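Chains as they are written, first to last, in our numbering: chain P, 635 to 963; chain A, 954 to 1617; chain E, -16 to 127; chain C, 1042 to 1382.
The hints are simulated quantities; they were obtained by calculation from the structure and are not laboratory data.
Small disclaimer: the values here were computed from a predicted structure and weren't measured.
All C-beta atoms, glycine included, are put in the ideal place defined by N, C-alpha and C.
Careful, some of the hints might be misleading.
Sample of chain C residues at the chain E side, in silico, Cβ under 7 Å [said to hold, decoys possible]:
#: 1; residue: N1297
#: 2; residue: T1298
#: 3; residue: K1303
Okay, here's what each chain looks like letter by letter:
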Amino acid sequence: MQKITREILIDKAAFLLSTGVVGSVFGWRAGEFDYDVTPALFTDKTDLKNNFVFGDFCGANVSKYLIKATKNAEEKILVFLKPCDTYSFNQLLTEHRFNREKVYVVGIPCEGMADVRKIKEKAGEGILKISSTEDGVIVDTLYNGTISLKKEDILLERCKNCKSKKHVAYDELIGEDGTVLENDRFDEVAALEAMSPEERFNFWQNELSRCIRCNACRDVCPACTCEKCVFDNPESGVENKAAYNSFEEKMFHIIRAFHVAGRCTDCGECSRVCPQHIPLHLLNRKFIKDINQFYGEYQAGEEVGSRAPLVNYTKEDIEPNDAVNKGDK
Amino acid sequence: MQRIGVFVCWCGSNIAATVDVEAVSQALAKEPGVVHSANYQYMCSQAGQDLIRAAIKEHKLTGIVVCSCSPRMHEMTFRKTAESAGINPYMVEIANIREQCSWIHKDILTGTEKAIVLGRTAIAKVNLNAPLTAGESPVTKRALVIGGGIAGIQTALDIADAGFEVDIVEKNPTIGGKMAQLDKTFPTLDCAACILTPKMVDVAQHEKIRIFSYSEVAAVKGFVGNFDVTIKKKARYVREDVCTGCGLCTEKCPVKKVPNEFNLGMDTRRAIYIPFAQAVPKVATIDADYCNMLKNGKCGVCSKVCTAKAIDYEQKDTLIEEKYGAIVVATGFNPISMEKFDEYAYSQSKDVVTSLEFERIMNAAGPTQGKLVRPSDGKHPHTLVFVQCVGSRCANCAEKGKEYCSKICCMYTAKHAMLTRDKYPDTDVYVFYIDVRTPGKNFDEFYRRAAEEYGVHYVKGMVGKVMPEGDKLMVRASDLIANKQINIAADMVILAAAIEPDKSARSIATMLTASMDTNDFFTEAHPKLRPVESPTAGIFLSGACQGPKDIPETVAQAGAAAAKVIGLLAKDKLKGNPCVASSNELMCNGCSSCERVCPYGAISYVDKEFRGPNRTVLVRRVAQVNPAVCQGCGACTVACPSGAMDLKGFATKQIMAEVDAICK
Amino acid sequence: MQVNEFKPKIVAFCCNWCSYAGADLAGSNRLSYPADVKIIRVPCSCRVNPMFILRAFQRGADGVIICGCHPGDCHYTSGNYYTRRRMALLFSMLDYLGIEKDRMRLEWVSAAEGAKFATTMNEFTEKIISLGENKRLEDLRCKK
Amino acid sequence: MRKCKVENIYTLLGEISKNAKLYIPVDQVNGAKFTEYAEGLTLSNALKTERSIKDFFFPQTENLVDFKVSGKIIEIIDNRSEMEDFVIFGARACDVRSMEILDRVFLSEPVDTYYANRRAHGIIISMACNRPAETCFCSTFGIDASKPAGDIVCYKGENEYVFEGVTEKGKNLLEKLNAVTENGGEDTAKIVQTEIKTILDKLPLKDVKADKFGKDKTDKFFNAPEWKTLSEACLGCGTCTFVCPTCQCYDIKDFNTNSGVKRFRCWDSCMYSDFTRMSAGQPRPTQLERFRQRFMHKLVYYPTNNDGIFGCVGCGRCLSRCPISMNIVKVMKKLGEGDNE
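Extracted from the complex, chain P is given alone in its bound form (with noise of 0.2 Å):
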């Protein structure tokens, strides 16, 4: 397969920018460091040339940014979509958050994306360089010279269960389309499952006890797109802004989890985010496993148009009652 280099997408994006098919380009702008890449919006080509970066910390879904980016942009912006980030467009356009019209999706193949935290806790701190290799990386350290590491021992957690190569919405291609994946993203969702109530609850109230309520999940989510969250407003009754104990936590979470539940598609964005490095998306995994439990496989996004399960229904549903105690007997 043909590997994605920088050069090629600042090509296409040049390419793109100079016919006027596109008059600025949604990508990912160097930092200080290897690891530390921006979404950022190209307008100029200089800037895009000495700037645009992409590699293997590119994780960033970059789909929701197009509702802030579209609504002011006269010309259609170029957006470089990985497998999944399609699903979230989809799903975004499903619920008419943005102008097709106004983007052209470039999408390109992901083989996965790098976690700089797992890096950190093999390397140590004091990064100073981390170059990609076939495999995996180099990392060139203050402290513990340099040091190699495989690439799926440094994966995105996502990315470790990635469901789909494939993509679902794209103008152009760059390489070839891939395939919706066999995956295990559903065994950790079941290994909570199998545990007792008192297990669960433990595991639950002391992943959630860390919560400090930054909001970073939700932000980052491209579900969450209220103009104004529940949470945020002080005439919704829920709102708050710092959980005093683990109640408000846990609402935070499970109504979050319920508000995106249908619509989420997977993304694992929320726990990539997460300054906690609490697992969020076993919360929303639950749903979809449910969901595809109960009412049919539903893959949020796949589709533009489709119906999200919970504003859908059969006359032969599960009724609650059943679906709590599928586990017992």
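Fit chains A, E and C to the supplied structure of chain P, relying on the hints for placement.
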């Protein structure tokens, strides 16, 4: 801040017996917002209402909490009271301290404590109530009657006579329903056809009435005053507008062995048929299940003999869209199937018949031209046994029959027994009964005549078993009064089968969103006070679809339903329910979730300009609710993640305040 | 009566058309159920937001039950179908978080089922008493 | 100076914990966290704890006061608990400096008594940074990672820990530890300091300069066009503010418990869309303005009001936590690129 008045009702001793009303009104006086608290014997009485009105004036109340019976009973009453004293009717909340408290708790401490919590909850809600005004919607001045039996016929005639257009949808080829199959009617013994068929003709000739026979309701949308109904006109393969009803085709059709449903399968008809002589419309219908031409394209006899050229083998089902302001359900009843009652040997002997079959046997237009003969051998029966309550009042056999009393059996059995004895004095007639129920005008007199003047043997007791033996039916029964077993060698056994709602009723109920009880009878809006209305606005009930009824009752109810419909159609505009959803456009992000769950299509989207930050203008897609179409279910409010969608009268904040007050 | 007898707090959301009427019928027929059950009238079970349920637990409820028309009988055609899906997922999620799954329940009670209403409330209250106080979804600030 | 052998450190910690609550950095599942000392816990080798020591003095939420309303009487209940003495062991130079920044806010008139109370009861034992990370840039703000401030400063040499009492509180505590420490250690401290200085010179961010910012630079930067590109990816979450040792904004929230009202103070974030929302609306309606506020506050407003001291300590937490990797270093570099003066 509201100024709330609390009014605790004693409901005589209904509430006061298990709730310390004085303590409740004192406790509630301390709740936030409450400026006045009183209790009185009957709040709903004129004096009670005057008390409320006076308090509104005196204490400048802005909100009212009445602790009384269920809001389903008197919410309207108190809303009107409030309105008459100048405050918005939706500033009234009811704390249900009767059905939910005094009637179910025996201990006065418990009852009082709970009544205080319920009152507190209502106060918490009223504190957040806002005045609401109902929107208005136009009324389509046309009614739909589903079912063309006597109920539907009477309703249609009454509505049409008041000057409104009415359409009848009848699933069979003719109107007339069950009554058309009856012989004589109790207690006057006049012939059913003689009183029904003129009415059928009236319907056919009424300029305001259209009949969609051989048709079904396929879909219903909309709401009171504005229903959009899709009617499926089934292909009858005969052009109604052309057929003269001469009946020639029905004589020439070569397919002769079709069971005649009008005679309950006791004789046959042709594949093309007119159900009975006085059918309305008098138009032939081809039974596609039997017609050779339709089945394999070979025949065409009817087409050849039809001088009017009415036969059209190419006819298809057609869908007709119509608008109505009101819908009357008159889907009627059927006798239950006898297959689970093998003890009566219904499936083993042709001489065990149901009462409706017996009705056809006795009818001059029936399979035996009115001659009482045994279906098995055509011989004249001498001993007849009538069994009542077959499948009715089955308290312990609900899987076989019905728990309820079918109501009409006692009387028609008396009628059958009397007529049999009258025409054939050589017969011995036995009636086995649990009770004989005759609570109607001249009913008991009728029954007594049967028993006393006509010598019908009434035996209190149930028939245990009927066993065919030779050409006899051995009936084993118990006589509870004589306390002995009886064995009768009968020639015929007639079963008074329980009646049940027509099978089509359930799907119609679903389409109409009208509720049904566990027996599939339509539920009335109130069992006593609103017996001909369904809880769904604009849907009315006529006849046995609501519960077992005899003809006089059916006709009475049909007229009552018609009166309700006329009352509705006479209005130019309808005041809607003000408790509808509304979207806060500033918070809506146009995601469409609400639109997708709305069962009424009340939500639409518009692109709207908003003032953005720093003097910019933003165009956003936002939801808007049509208050005339919204029925206020609230499905959208939960589908909406941001809470932009809220329900007036049941707002998120109000419900949360109620939750808080309960859990306090 | 014992002094320390656990008196659970139970919030019952009842739809106006079926279940609330069912509760009225229970009342009319003098079918008793525990006073711990307090009813909130909603137009349809689909008006019940999961936030209300969590709110009830936060404020000290020990059990929450939602009652609506039987599937197919919804006054608004489809409201209770949505309720069924929402609650199936919510209950399952609460169970997943280790909250006792028997603290919340959905029951279909028609206007004609006064007896069922009373029985349901009796059973549910019994269940909640056996579970004891709600500790796993409590907000200590709201405890007295 | 006093010293103790590396192997005796837990005896020393045990001694401290006899008289006061002691918090030491301990490796938890997701990074180092100040944890109440108990026998058996081991000190983390991590450079920084996930959260700064700010949490001890200015917790994310605290119950300030309760109200009980009965009729028309409002009862005010001060449920502040008497603070116990506590000791934080192993605070880094940046975190220690952050206390000075917070002090200037909370201890100036009107004094925040909640904060003051905790400050009075807390003793900070700082620890020189043996292994600074690539995200460290404390030197930008004149902080010397090899010689942190604090009540007691600690240097970890190869074989021994060296302690130096700085403040009165610190000296008193150190005196109480005489039984488990001995005199000396100056040499070790020197060696450690020298080693650290060599490493500091190698850090990638060592050249980040703050001198273009500071007092009275509002006009220069407020309308800079760079804010647009800098802020465009900002999600508006509160991660940077909540991990920041110097962010001190808070909101006061009343919570109705059904039986009364509890008044809470909780951290707020200038990144939030409803930060300082007033009846007239949101003073900073776009993310650009909110983003600008945070950095202008750290780099310009705070120094303007506080004798030129910057509101950032270069701890680098925001650099590693920001979901979109935008941070103060990028801001300083980008804004600094422009024409100087």
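Hints, verified against the model:
Look at N1297/C: its Cβ only gets to about 9 Å from chain E, farther than 7 Å, so that hint breaks. Nearest Cβ of chain E to the Cβ of T1298/C: about 5 Å, under the 7 Å cut. The hint holds. At about 6 Å, the closest approach between the beta carbon of K1303/C and any beta carbon in chain E falls short of 7 Å, and the interface hint on this residue holds.
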